[in-house]
Structure formats: structure tokens, C-alpha cells
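Enquirer: Take a look at the letters that make up each chain.
There are 2 protein chains.
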Amino acid sequence: MPNNNDKQAFIFDVFGTVVNWRGSIIAQGETFGAKYNIQTDWEAFADKWRGKYQPFMDKVRNEEIPWTNLDALHRMALIELLEELDIHNLTEQQIEELLYFWHNLKPWSDTVAGLYRLKNKYIIAPMSNGNIRLMTDMAKNGNLPWDCILGAEVAKHYKPHPRSYLTAVELLGLTPDQVVMTAAHERDLLAAQKVGLKTAFVARPMEFGTLNTNLPDPQNHPFDFYATSFVDLAGQVGA
Amino acid sequence: MPNNNDKQAFIFDVFGTVVNWRGSIIAQGETFGAKYNIQTDWEAFADKWRGKYQPFMDKVRNEEIPWTNLDALHRMALIELLEELDIHNLTEQQIEELLYFWHNLKPWSDTVAGLYRLKNKYIIAPMSNGNIRLMTDMAKNGNLPWDCILGAEVAKHYKPHPRSYLTAVELLGLTPDQVVMTAAHERDLLAAQKVGLKTAFVARPMEFGTLNTNLPDPQNHPFDFYATSFVDLAGQVGA
Numbered sequence: 398m399p400n401n402n403d404k405q406a407f408i409f410d411v412f413g414t415v416v417n418w419r420g421s422i423i424a425q426g427e428t429f430g431a432k433y434n435i436q437t438d439w440e441a442f443a444d445k446w447r448g449k450y451q452p453f454m455d456k457v458r459n460e461e462i463p464w465t466n467l468d469a470l471h472r473m474a475l476i477e478l479l480e481e482l483d484i485h486n487l488t489e490q491q492i493e494e495l496l497y498f499w500h501n502l503k504p505w506s507d508t509v510a511g512l513y514r515l516k517n518k519y520i521i522a523p524m525s526n527g528n529i530r531l532m533t534d535m536a537k538n539g540n541l542p543w544d545c546i547l548g549a550e551v552a553k554h555y556k557p558h559p560r561s562y563l564t565a566v567e568l569l570g571l572t573p574d575q576v577v578m579t580a581a582h583e584r585d586l587l588a589a590q591k592v593g594l595k596t597a598f599v600a601r602p603m604e605f606g607t608l609n610t611n612l613p614d615p616q617n618h619p620f621d622f623y624a625t626s627f628v629d630l631a632g633q634v635g636a
Numbered sequence: 398m399p400n401n402n403d404k405q406a407f408i409f410d411v412f413g414t415v416v417n418w419r420g421s422i423i424a425q426g427e428t429f430g431a432k433y434n435i436q437t438d439w440e441a442f443a444d445k446w447r448g449k450y451q452p453f454m455d456k457v458r459n460e461e462i463p464w465t466n467l468d469a470l471h472r473m474a475l476i477e478l479l480e481e482l483d484i485h486n487l488t489e490q491q492i493e494e495l496l497y498f499w500h501n502l503k504p505w506s507d508t509v510a511g512l513y514r515l516k517n518k519y520i521i522a523p524m525s526n527g528n529i530r531l532m533t534d535m536a537k538n539g540n541l542p543w544d545c546i547l548g549a550e551v552a553k554h555y556k557p558h559p560r561s562y563l564t565a566v567e568l569l570g571l572t573p574d575q576v577v578m579t580a581a582h583e584r585d586l587l588a589a590q591k592v593g594l595k596t597a598f599v600a601r602p603m604e605f606g607t608l609n610t611n612l613p614d615p616q617n618h619p620f621d622f623y624a625t626s627f628v629d630l631a632g633q634v635g636a
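Note that the protein sequences, when read in sequence, are chains A and B.
All letters in the first sequence, in the order written, are residues 398 to 636 by my numbering.
All letters in the second sequence, in the order written, are residues 398 to 636 by my numbering.
A hint or two may mislead.
Unchecked claim - Below 25 Å or equal to it, Euclidean Cα-Cα: the simulated SDA-like pairs (lysine to any residue) are:
no., chain 1, residue 1, chain 2, residue 2
1, A, Lys553, A, Asn517
2, B, Lys456, B, Leu496
3, B, Lys432, B, Gln490
4, B, Lys518, A, Leu496
5, A, Lys553, B, His554
6, B, Lys404, A, Tyr497
7, B, Lys445, B, Leu612
8, A, Lys553, B, Asp468
9, B, Lys518, B, Ser626
10, B, Lys404, A, Met473
11, A, Lys503, B, Lys516
12, B, Lys518, B, Asp507
13, A, Lys591, A, Gly606
14, B, Lys553, A, Pro557
15, B, Lys404, B, Arg560
16, B, Lys518, A, Ile492
17, B, Lys404, A, Ser421
18, B, Lys404, A, Thr465
19, B, Lys537, A, Asn517
20, A, Lys445, A, Arg472
21, A, Lys553, B, Glu567
Derived from the structure by calculation, the hints contain no laboratory data.
In this text, all values refer to a predicted model and were calculated from it rather than measured experimentally.
The whole structure should be built from the sequences, with the hints applied where relevant.
Expert: Below, the structure written as C-alpha cells:
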């Protein structure tokens, strides 16, 4: 008979690791621009919006502003960005459509197949800085079969704060070494590792649109697993 | 293009509404008793364990003890119950097996089909006093296709505290009138209604093992919906 101690969990960074945020924002931007006749460079739009991601979370991390979820930070960043790009007079409905882009990001081609395999054997959950509603919509739109939704919002601390990872571990009723943090970003994994979690690096060399040749060395790295896709990861862990 | 405002949510009481807790505890108890040669009346065991549910949550509600999740309250109640029933010398492994009973409760026969239909059109999530890990295991064991897991643990308030319902509404990014609390228990629904949620009563006349003839009147009740099953409810809301 199974019990709590038999089960382990994989938790996942989402933006860049599970989904192709950049390609998805650009594609939705081009559709939006054609629909409303708004001319801008949508690649630059995507990169600049994402460029405001860390600075806006820093306002929360530094306690300049109280806890604010990512949807609200994305809105603040967008207002600033639209000014910078000289895009004026958008309606509230159009602003909402732009914000919804983040709820509708496309998984990498191996993501869904890999998650279904991992889910057969492990608990799988997002461990993202994105809020619960954002992750919920993304899962419905992208067929991501999460068992539950964890992440910064339940901890009220953005990654890489130790409490963000440890709250997820506690809610899972596990010890840190029973949980594998999975990400395409070394900083995220090293922060999780520092508080005792296991780690899996998944290479996403096209996250930023051009081939990233500065990935960790597959032969010499500090992680428990190093995978080229979620399907590869599932195979490595017997799922 | 969809946006946040288009989507509504159904949130669910779980013990009694989604799953048949009593029948499932009895069945698992009988298997456990045969395996370990422990003689007891498993119907009484189920009813007495459940009988300690509200009193133990009251200790948290009354601030006699700090926030304690339901798995931990179930353990405290079980230790007391085993004393009362003169069941002694169980191993920690056996205690864990008993506690896992609550993670492995069987859905009512209409539950899964109804949830899949509702999920096509709405966000669906448990709004239970059970903790996230308990709900996660139950979903995996019972094929419950939740979009996310909400409930008392994310609010750190047990139902029927207003903050339990309102925290779920806030995490969904919705207003209370966009969320339907669904339960087989009037008290739960009336508490949710009081803070502005919509309500759906689902009749579960066999929850306590004998036909309950004291259900609300189907023709004269204070709820937004009154259903005989989850499939009936899905039909009523066009899902």
C-alpha cells in the first residue's frame, strides 16, 4: 500500500523551461498588431517586456511595494513599456488582451509528452514566479497535466528566495531531498540546491531566440540530472 | 480572444460531495484489518474518526493550537481514537497506512464524468479543509481532473471562515459572484453565500450510510443551483 514516503515530486520553472515564452509573445503580438493595426517590432516588445520582469519583482523582494502577484507586475511593466514604445490610447480591453498573452504561452514540443510520463510516477507541479491563475490558464490552454499548482504566490516570496522553494516542499509533505527542482536556468537550480532540493537542468538553447552556446557543460555540472528535453528527463528517472 | 473576465470557476467541497469518505474508509479498514489481523467495527471506526473532524478543526479555529493541516489533525484524532477502541501497539508504518486512507477516497459514480464536463467550460478546483498534499494524492488515485488545488491550507483558515472562501476567489483572480461553491452541505454553502459566492447544492443522500431524508427542498431552497449529481449540474450550466 502506498504512503506519503513512497512518492517524490518534480517541480518546474515554467517561463523558458516548460513554455517558449518569447516565441509565444511574439506570435500573439503579431496577431494583436494586425487585428488593431498597431505597428511595432514585436520581438523587441517581447524582449523589453520580459526585461522588466526581474526589476519589477525586485520591488517586491526589496519591500519597496507589498506582495504583488505577477499578473499585477506584468501590468505595471506593460504600462511603462507602452509609454517607451509610443503606443498610446489602448483600451482596457486591449490591455487585458496583452496581459493574457502570458496565460497562453505554448509548451516546447517535448513538454506535454514528458510531463504525462513523469506524472505517472511522480507528483508534478509548477514552481514558477507566475501566480496561480496565470498557471491555471496556461495549463488549460497548453494541456499541462499538473497535479497541483505551487509557486511564488503560495509562499508570498519570489524565487530565488529560500522560502519559495521550502514552502512548496512543505505543502507537498515531503523533505527537500524528495523534491527535484527542474529548470533551464542555473541560478534557479543553485538556489533550490542550497536549501536541500535535488535539481534537474533541462537545456533550452533557443529560449532567447538565437542559439545559446553558454549552457552548462553536460559532462561537468553540479546538478543531479542534465537533460535535453522533458522526454529525456522522464527516461532518466524511469518514468 | 479570451481574457480573465470571461472565465468562471466552480470550487468544491470534497469529503461527502466529491468522494464517498465513509464507504471508502470502511472498505480500506476492512482490508487493513484482514491484513494485520486487527478486529474492530470498521463502520464505527469510520464514524468516530470523522466525528473528531470538527472538534479538532475547532482547536485551530479557536486558536488553542496554531495552524495545523488536516493530515496532522487526522493523526492527532487517530491516536485518540485508537486508545478509545483499545487498538494498541500499531507501528508507525501502520499509522501511516491508516492516515493514507483519506488520500485514497473513492469518487461518487457521477463525479469524474461531471468534473470532466465542467472543466471544459470552467475552472474547477477543490475548496476543501483537506490539505494540498491530501487533495493531490486523492486526485491522482481517483482521476479527479482539477485545474488547481485551493482550500483551507492556502488561506490558513478552515471553512466556514470567510477568508477560506475569499482567498480562493482572490487566487482565481475573480470576483465572488464569478465563483460557484459546490457542496452537499448547507452550512458550507450558506457561509460561502454570505461572502458573495454563488452556490450549488448537490444531493448526496447516502453520505452517512443510510438514506438521509432531511435534505433541502428541491423546490424551495436558497441556492443558485440544486443538482442530483455532478453530471446533472454540468447539464444545468451548459457544460
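Enquirer: So, for every hint listed, does it hold in this structure?
Expert: Hint by hint, here is what the structure shows:
| no. | hint | in the structure |
| --- | --- | --- |
| 1 | Lys553/A <-> Asn517/A | violated, 30 Å |
| 2 | Lys456/B <-> Leu496/B | holds, 20 Å |
| 3 | Lys432/B <-> Gln490/B | holds, 13 Å |
| 4 | Lys518/B <-> Leu496/A | holds, 21 Å |
| 5 | Lys553/A <-> His554/B | holds, 17 Å |
| 6 | Lys404/B <-> Tyr497/A | holds, 12 Å |
| 7 | Lys445/B <-> Leu612/B | holds, 23 Å |
| 8 | Lys553/A <-> Asp468/B | holds, 23 Å |
| 9 | Lys518/B <-> Ser626/B | holds, 17 Å |
| 10 | Lys404/B <-> Met473/A | holds, 23 Å |
| 11 | Lys503/A <-> Lys516/B | holds, 20 Å |
| 12 | Lys518/B <-> Asp507/B | holds, 18 Å |
| 13 | Lys591/A <-> Gly606/A | violated, 30 Å |
| 14 | Lys553/B <-> Pro557/A | holds, 24 Å |
| 15 | Lys404/B <-> Arg560/B | holds, 22 Å |
| 16 | Lys518/B <-> Ile492/A | holds, 24 Å |
| 17 | Lys404/B <-> Ser421/A | holds, 21 Å |
| 18 | Lys404/B <-> Thr465/A | holds, 22 Å |
| 19 | Lys537/B <-> Asn517/A | holds, 9 Å |
| 20 | Lys445/A <-> Arg472/A | holds, 13 Å |
| 21 | Lys553/A <-> Glu567/B | holds, 14 Å |
Of the numbered hints stated above, those contradicted by the structure are hints 1, 13, listed in ascending order.
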